[in-house]
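Colleague: Residue strings, one per chain:
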Amino acid sequence: MSTVSSPIQADAATPTGSTGGSVLGTLLANGGVRFGGIVLFILFMIALAAPLLGTIDPALLDPTYRNKLPLEARPILNDAGEEVTVTHWMGTDTLGRDLYSRVIYGTRVSLIVGFSVAALAIGIGLVIGLISGYIRLLDTVIMRVMDGIMAIPAILLALSLVALWGAGLVTVILAIAVPEIPRVVRLVRAVVLSVREEPYVEAAISIGTPTPKILYRHILPNTIAPLIVQATYTCGFAILVEAILSFLGVGIPTDIPTWGNIMAEGRLLFRVYPHAILFPGIFLALAVLAINMLGDGLRDTLDPRFAKRTST
Amino acid sequence: MNGETPVLDIRGLTVSLPKGADRDNAIEGIDLQVFPREIICVVGESGSGKSVTGHAVMGLLPKRELEPIAGSISLAGEALLEKSSAELRQLRGARMSMIFQEPFTALNPVVRVGGQIEEVLKIHTGMSAAERRARVIEVMDDVRLPEPERLIDTFPHQLSGGQRQRIMIAAALALEPALLIADEPTTALDVTTQAQILTLIKDIQTSHDTGVLFITHDFGVVAEIADRVVVMQNGRVVEAGATNQVLTAPEHPYTQMLIGSVPSLIPKTREGMIDDDAVLATKDLAKTYRSSGLFQKTREVQAASNVTISLKRGETLGIVGESGSGKSTVARCIVRLIDPTSGAILIDGEDIANLPMNRLHYYRRKLQIVFQDPYRSLNPRRTVGQSIIEGPMNFGMERKAALTRAKELMGLVGLDPNALDRLPHQFSGGQRQRICIARALAMQPEILIADEAVSALDVSVQAQVLDLLDDIKKQFNLAMLFITHDLRVAAQVCDRIAVMQQGEVVEQGPAKTVFSSPAHAYTRALFEAAPGRKLSVTT
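From first to last, the protein sequence lines are chains A and B. Offset between the first sequence (1-based) and the working numbering: plus 624. Offset between the second sequence (1-based) and the working numbering: plus 910.
The set of hints was computed from the structure by calculation and includes no laboratory data. Just to be clear, a hint being listed does not mean it is correct.
Said to hold, decoys possible - With a straight-line cut-off of 25 Å between C-alpha atoms, the simulated PhoX-like cross-links for lysine-lysine are: (1) K1383(B) with K1222(B); (2) K1422(B) with K1317(B); (3) K1178(B) with K1207(B); (4) K993(B) with K1032(B); (5) K1422(B) with K1384(B); (6) K837(A) with K1276(B); (7) K1032(B) with K837(A); (8) K837(A) with K1317(B).
Claimed, not checked - Covered, in the sense of this in silico footprint (three residues per stretch, anywhere, with C-beta under 8 Å from a C-beta of chain B), are these stretches of chain A: (9) 805-813; (10) 829-835; (11) 905-915.
Every residue, glycine too, gets a C-beta built ideally from N, C-alpha and C.
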C-alpha cells in the first residue's frame, strides 16, 4: 500500500455528538412533554384499571335514581347478591346510570379512538406519502386523489360513513381516520421530496441500493420526528371528533359510554343538572390539552428549528 | 499611512465561546488596524475566527453565545464595545457597513432592489423621497450597474449573482461609511464575476476613502486585492504584514503551509498516456429540462448539449466551467442519477444511456461518484461502516467480508480502521470526504467521478484529499472524471481538460496545452479572471 497523503490523527475523530440517553433527557427537560406525558400516562392507567377504581356497570339503569347530584350515596346489589353502598361521585344521568363509572369507562373508548386513528392515519399516510414523494410517475395521481379527499369536510365524511355502515367503534375510527390520511401524506411527501435530493440518497442510488431499501433506510428515518408530532395532533383531534360525532348522535351507541355521548345525553337538562356535561367535559379538555402540549413539546425538541429556541 | 488615525482599531479583542465548545475563546487577543484607503485581508481556514472578528466589529455576535470579554474595538475613535444597541444601530450603515457572502439570501426577495438601498438613507438621513431616489441611482451608477434607472425597480431574482452583490455593495456604500467589512463577498460567485467585484471594491475604496476589512479564505483573492494581510489560525493572529511580504516570504509555519497548499496554476507534467481503448465515452450527450404545466407554456432549458468526451484507464479528465455550465449535469447523466435526453454513454463499448434500471445495476459498480458537500453525502443516521458496506452488500457480498474490506479501505484513505462504528458527525469535512472516497472504492469501480469533490474543503485539507485521489487513481489504475470550477485544482490533477460553457464543451485538450495556449475566447476569459495569478508566478 502506498503512503496515502498525510495520516489523519485518530483523536480528531473523537465522538462529540449526543447519544440516545440525552435525547430522552432533552425531551423530559421540556415542560410540555412532562405535563402531557404525565397526564396521558394517568389517563392510560385509568383506562386500564377502570374496573378496579370503584366503578359499577356503566350501563346499569336505575329509574329511581335519576339525575342525582354528585356525592349522592345509595345501596345496590353487587354480583354476589350482597347489598353494598355506592357513592355516585359525579351523580347520575337521566337514566340513573352512574356518571363516574361512565366517565371512567369512557376514557377507554376515547383513548382507543385517539390512538387507533393516529396509528391508522400515520401508517397508511406514511406508505402513500413515501411512494408519492419518491416515484414521480405516481405522484400526480396520488396527490390529486388526496386533494379530493381533503376537499370533503371531515365531519361530513364521518357522518356519511356512519350512515352507510352503521354506528360502531370501528366505523367511527375509520370515519375519523380517512380524512386525516391526506394530511399525513402531504407531510411525508414534503420530507421525501427534500431528502431525495440529498447527496447521500444519490450516493445510495449510485452504489446500487434497490429503491425499497433506499426508502426504508435513507428516507424513512427523516420522517419519524415530524410524524410523531403529527400523530399527537391527530390523536387529540380524533378524540375531539369522536366526542362531536357522539354528541351529534352519529357516533358510538350509548351502551358503550364515551365522553361525547355522555355529554350528548346530558345536554337536554344542562341548565338543571350541569354535572352530566361538566365531568366528561373536564376529562375531554384535559386529555386533548395534554396531547397537544405533548405534541408541542415534542415538536420543540425534535424539530431542529425550534430546538435552539428552547435550549436558551 | 503612518500618522493617520486608523478607521478601525482592534486591540486585544477576545470573544468567548459557549461552554463545551472545542476551545474556550472564538478569538483571543486580536490586534488589528485598518487605515483609510486601505484593504486589510483577514485570511484563515474555517473555524479560524475570521468571521467572528468581522461580526464583533459590527456588533452582530449572537447574544449570550459569543461575548466579547476583553479588549477594545474603536471605530474612528468611538469605542464600539461600550455602545448600547441603539447607538450601534446609528453607526451601522452610516459609519460602518458589511457585505455578506451569499448575495442570494442577503437581499430580501420581495422588496425592490432600489428600496433596499434606499432603506439606509431613510433610516439615517432626512432626505426627501426624490433626493433619496436620485442618491440611489447615483450609488448604483457608482457600483457600475447598467441602466440604474431601470434596475432600481427590479426584484432581486431578476438580477444575476454579480449584480446582486453590486446591489449589496451599493447599499453598504450609500452613506459613505468609513469602514466596509466584506465577509467572503466573492466566494459564492463565479471567477469571472469575482474578478469584476474585486476590481469594483478596489476602485470604490480608493475613490471613497473607505477602509476595508476583507475576510477571505482564498489566497488568490488576497494577492489580487490586499494591501496588508492578517493570517488567523484557531482564533489567534499568527502573522500580519504587507501582502507581498507575507505571500513571498511567509514567516509563520502555518502561513507557509497555507500558501504551500494553494495549488499552482501551472499544470504538473504528466507521464505519457498509454494508448488504450476508452473505458468511458459520451457521444452527443444532451439533457434538456422541460417544465410544463396545465396553464403554462412549456419551457425548455438546455442544461447540456453535444457533449462528447472520452476517458481512458489511468487518466484524469477535468471538466471545467462556471456555475450553470452544465458540468454537473454531465456527471449526473453519466452516473444515471438523471436520464439524458439524447446521446450515448458508452462504458466498455456498451451504451448505458437508455438502459432500464434492472439492467443498469451491473454497470453501477463500475462507475462511482464522490459529491461536493461532505456534510450531506453521508446519511447522518448510519455509521460510517454501514455506509461503506452498503454497496458491496447490494452486490451480494457477505457482511463479514464487506466489513473486512471496509477496514482496509479506511486505512487506505488515511483514517482509523477502528472508526467504522462512528457516525459521520464525529468526523471533519475532509475526513468525511475520505469516507465518501472509501465508499466509492468499496465498489471496486473502474471509473471515479469527482463532482466538485474538494470545493467545500479548506485549502490545506483540499491538498491532502487531492493527493489521496491522485494516489488511488494510480494504485487502482482508475479513470477519473474530475469536475471543478477551480482552475488551480484542475491544473494539479487533470491530464486533459474539457472547458464547458452554457451546456457545451467549447474546448478540449491536454491540460498543458489548454493552460498555456487556450484556444477559445471563453477559456481565455476564465484564465484572465483566476484570482492571484501573480501568486503562482511568485511561488
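Colleague: Given the hinted pair K1422(B) and K1317(B), is their alpha-carbon gap at most 25 Å?
Modeller: Violated, at roughly 38 Å.
Colleague: Does the alpha-carbon distance linking K1422(B) and K1384(B) stay inside the 25 Å limit?
Modeller: holds, 20 Å
Colleague: Count the residues of the stretch 829-835 of chain A whose Cβ falls closer than 8 Å to any Cβ of chain B, and tell me whether that reaches three.
Modeller: n = 6 at 8 Å, threshold three: holds.
Colleague: At a Cβ distance under 8 Å, does chain B reach at least three residues of the stretch 805-813 of chain A?
Modeller: violated (count 0)
Colleague: Hey, K837(A) versus K1276(B), does the alpha-carbon distance stay inside 25 Å?
Modeller: holds, 21 Å
Colleague: Assess, step by step, whether the Cα of K1383(B) is no farther than 25 Å from the Cα of K1222(B), and give holds or violated.
Modeller: Holds: K1383(B) and K1222(B) sit about 12 Å apart, inside 25 Å.
Colleague: Has the given pair, K837(A) with K1317(B), been kept, meaning a C-alpha gap of at most 25 Å?
Modeller: The given pair, whose Cα atoms are some 24 Å apart, holds under the 25 Å limit.
Colleague: Could you grab the alpha-carbon distance between K1178(B) and K1207(B) and see if it respects the 25 Å cut-off?
Modeller: Violated, because 50 Å separates the two Cα atoms, which is more than 25 Å.
Colleague: Would you say the stretch 905-915 of chain A counts as covered by chain B, given the rule of at least 3 residues with C-beta under 8 Å?
Modeller: violated (count 0)
Colleague: Between K1032(B) and K837(A), does the CA-CA distance stay at or below 25 Å?
Modeller: Between K1032(B) and K837(A) the Cα gap is close to 57 Å, so the pair fails against 25 Å, i.e. violated.
Colleague: Take the C-alpha atoms of K993(B) and K1032(B), compute the straight-line distance between them, and say whether it is at most 25 Å.
Modeller: Holds - the C-alpha atoms of K1032(B) and K993(B) are around 22 Å apart, at most 25 Å.
Against the hints set out earlier in the document, violations occur for numbers 2, 3, 7, 9 and 11.
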